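Chains as they are written, first to last, in this note's numbering: chain Y, 1 to 156; chain B, 1 to 131.
Derived by calculation from the structure, the hints in this document are not laboratory data.
Computed from a prediction, not measured in an experiment: that's the story for all the values here.
Yeah, the Cβ is synthetic: ideal placement off N, Cα and C, and Gly gets one too.
Be a bit skeptical, because a hint or two may be false.
Stated by the list, open to error - Once the Cα atoms are required to be at most 20 angstroms apart in a straight line, the calculated SDA-like pairs of lysine to any residue come out as:
#1 B:67 to B:57
#2 B:80 to Y:137
#3 B:60 to B:123
#4 B:77 to B:123
#5 B:44 to B:69
#6 B:85 to B:57
#7 B:77 to Y:119
#8 B:77 to B:100
#9 B:67 to Y:144
#10 B:78 to Y:100
#11 B:77 to Y:51
#12 B:78 to Y:51
#13 B:67 to Y:51
#14 B:94 to Y:87
#15 B:94 to B:78
#16 B:85 to Y:98
#17 B:85 to Y:153
#18 B:85 to Y:110
#19 B:77 to Y:148
#20 B:94 to B:112
#21 B:85 to Y:107
#22 B:77 to Y:109
#23 Y:51 to Y:8
#24 B:67 to Y:106
#25 B:67 to Y:153
#26 B:94 to Y:82
#27 Y:116 to B:111
#28 B:85 to Y:145
#29 B:110 to B:8
#30 B:67 to Y:109
Said to hold, decoys possible - Restraint ranges, calculated between C-beta atoms of paired labels, are given here:
#31 B:63 to Y:124: 22 to 28 angstroms
#32 Y:127 to B:63: 29 to 35 angstroms
#33 Y:120 to B:40: 41 to 47 angstroms
#34 B:91 to Y:28: 27 to 33 angstroms
#35 Y:48 to B:110: 45 to 51 angstroms
#36 B:10 to Y:137: 46 to 52 angstroms
#37 Y:87 to B:106: 45 to 51 angstroms
#38 Y:22 to B:58: 48 to 54 angstroms
#39 B:63 to Y:120: 15 to 21 angstroms
#40 Y:22 to B:13: 16 to 22 angstroms
One letter stands for each residue in the lines below.
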Amino acid sequence: MKRWHYLLGIPVVLILVLQLVPNELPTVENNNPGDLIGSGIVSDEVANLLKTACYDCHSNEPSYPWYAHVAPSSWLVAKDVREARQELNFSNWEDYDMLDQLGKLDDIYSEVEEGKMPLGIYTIMHPSAKLSEEQKQAIVSWAEEAMDIIAESEDE
Amino acid sequence: MKKLLFLPVAGMIGLLFFQATQKPEVETYPELHSLAPDMPANVKAVVDQKCYGCHNAESKNEKGKAKLDWDAFESSKKSKQLAAKGKIREVLEKGEMPPKKFLENKPEGKLSEEELSTLLEWSGGKKKSTD
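So here's chain Y without its partners, still in its complex pose (with noise of 0.2 angstroms):
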């Protein structure tokens, strides 16, 4: 055995040992009857924007990339979708009843106008997703006058 036979080798090897560990990617499922987007509370140009930048990981229609499909990086997309479901789905919007919408969308404002989403590492990965200024302005001030929508139609 030469020297390179190992360098290669190895790595190799340990990446299809890696390919044996269980991980189940969230599924998808493209009929979402509640989505958020067919709710009447956001324009195209909103919805648009939302599925570009959000939609991968907070709804039930993600299109994974095929290294969703091989370890380690499988590892990653699925428990980011999986925790980014959790916190927020928009295929489920009309589930949440009028005080989860409105802190669902304060959430977005803040995430959104901090930068903090969508998150860095699925910008690399999806350069399409990264947001202008204007588009995160689009956003923020849609989750605003949304907000204010909801609060105002549905009087306690």
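Please build the complex by placing chain B on the supplied structure of chain Y, with the hints as guidance.
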């Protein structure tokens, strides 16, 4: 040659032990204040005693202040107040507030059953186990 094998393996094993750790935060209560006038007195009392210590405009707990600032709450608009209520309800139902780390240093900061139901009732939530 054996060493070449050892390093990546040790690296992988090392990763298994990798854990995120958090620094415990010690808090002090600032003095009393006046809360929103339209808030029921019993709710106000609980907030004052159990929440305001970290969630106020002068708080040294940056995260707590950023998440919820009671001083700003009263002057914020309706949609923001309701949003805050929604989030308060969520953390209370999940039992995330006051934080465990905080209670380790300050066990008396824990919400009593009664205080918890007062806050939940106000924020429109249900108790986790009972009814």
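Inset, instruction - Go through the numbered hints given earlier and state which of them the structure violates, listing their numbers in rising order. - result: 3, 7, 8, 11, 12, 13, 15, 23, 25, 27, 29 and 37
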